[in-house]
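Participant: Put together the whole structure using the sequences plus the hints.
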Amino acid sequence: FCLASPHQRPSSSILSPLRFYSSALAPWLHRIFQTPTCNLFCSSAATTTHARTSRTMLHLKTSLALLVALVSLAAAHDGHGWNSDVEWHTWEEAQEVAKEASKPIMVILHKSWCGACKRLRPTVAESARFAELAKNFVMVSAEDDEEPHSDAQFQIDGGYIPRIFWTTSDGKVVPSIYNVDGNAQYKYFYPHVAQVEAAMERAQKALS
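So for the sequence shown, our numbering puts the first residue at 2; every next one is plus one.
Treat the hints as calculated values from the structure; they're not laboratory data. Only a predicted model underlies this, so the values are computations on that prediction, with no experimental measurement involved. Think of the CB as a built atom: it goes at the ideal place given N, C-alpha and C, for glycine as much as any other residue. The reader is advised that the hints may include incorrect statements.
As the list claims (entries may be wrong) - Label pairs and their calculated CB-CB ranges:
| no. | residue 1 | residue 2 | range |
| --- | --- | --- | --- |
| 1 | Glu127 | Lys100 | 27 to 33 angstroms |
| 2 | Ala185 | Glu101 | 32 to 38 angstroms |
| 3 | Lys100 | His193 | 27 to 33 angstroms |
| 4 | Val181 | Glu97 | 27 to 33 angstroms |
| 5 | Leu4 | Asp152 | 17 to 23 angstroms |
| 6 | Ser209 | Asp182 | 21 to 27 angstroms |
| 7 | Glu133 | Asp182 | 27 to 33 angstroms |
| 8 | Ser103 | Glu202 | 30 to 36 angstroms |
| 9 | Ser103 | Glu148 | 17 to 23 angstroms |
| 10 | Asp171 | Pro123 | 29 to 35 angstroms |
| 11 | Ala185 | Ala153 | 19 to 25 angstroms |
Facilitator: Right, here's the structure in full:
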């Protein structure tokens, strides 16, 4: 596992491929939005040409703004690479969905810089069994400072990562569901996907 340390965090711009592209576009978008249209596209054009160019720039700016919004939305719902076949939610969304559907919530807390997270993530991402079991829960993948990292009920035995928890449909952590085959000092750490899947099966029985 990894011990949470703010000094080891890289820039949030590399949290996922989508976020990387969004970050890479930012300087270019800033220049386009801040630079007068005429400076970019014309120097001595006639009024009609200038007006046409201005309209083109307006359409370009609108399209780019929409693109950035879509990229940001996708990044928030892609699960940060933990399994593309799973329907992921933010913590805030999950609480609402869980109440409406009367389903428990499964929360994976991880960090973009964490080596243990990087080792576990691809095995979870490739597991069809994990994706099938995930249908029994409202799924949350919280990276870096995303909620519920700061929620004290998810820090039962420390702030190591990754940690995996299950909650009731009203968002209350169920501490009795943990890695029974793991380290007793770090109960919510799962180094292997098989351990995660076994815990998902126990959670399904306990919370259904």
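Participant: State for each hint whether it applies.
Facilitator: Right, here's what the structure says about each hint:
Checked against the hint of 27 to 33 angstroms, the C-beta distance between Glu127 and Lys100 comes to roughly 32 angstroms, which is consistent with it. Checking the proposed 32 to 38 angstroms range against Ala185 and Glu101 shows it holds: the Cβ atoms sit about 36 angstroms from each other. A hinted range of 27 to 33 angstroms holds for the C-beta pair Lys100 and His193, which are about 32 angstroms apart. Val181 and Glu97 have their C-beta atoms about 31 angstroms apart, which keeps the hinted 27 to 33 angstroms range intact.
Judged by the Cβ atoms, the range 17 to 23 angstroms given for Leu4 and Asp152 holds: they are separated by roughly 19 angstroms. As the Cβ distance of Ser209 to Asp182 is approximately 22 angstroms, the hint placing it in 21 to 27 angstroms holds. About 21 angstroms separates the C-beta atoms of Glu133 and Asp182, a value inconsistent with the hinted range of 27 to 33 angstroms. Taking the beta carbon of each, Ser103 and Glu202 are about 19 angstroms apart, not inside 30 to 36 angstroms as hinted.
Separated by about 22 angstroms at the C-beta atoms, Ser103 and Glu148 satisfy the suggested range of 17 to 23 angstroms. Judged by the Cβ atoms, the range 29 to 35 angstroms given for Asp171 and Pro123 holds: they are separated by roughly 33 angstroms. The given range of 19 to 25 angstroms is respected by Ala185 and Ala153, whose C-beta atoms sit roughly 21 angstroms from each other.
In this structure, the earlier hints numbered 7, 8 are contradicted, and the remaining ones agree with it.
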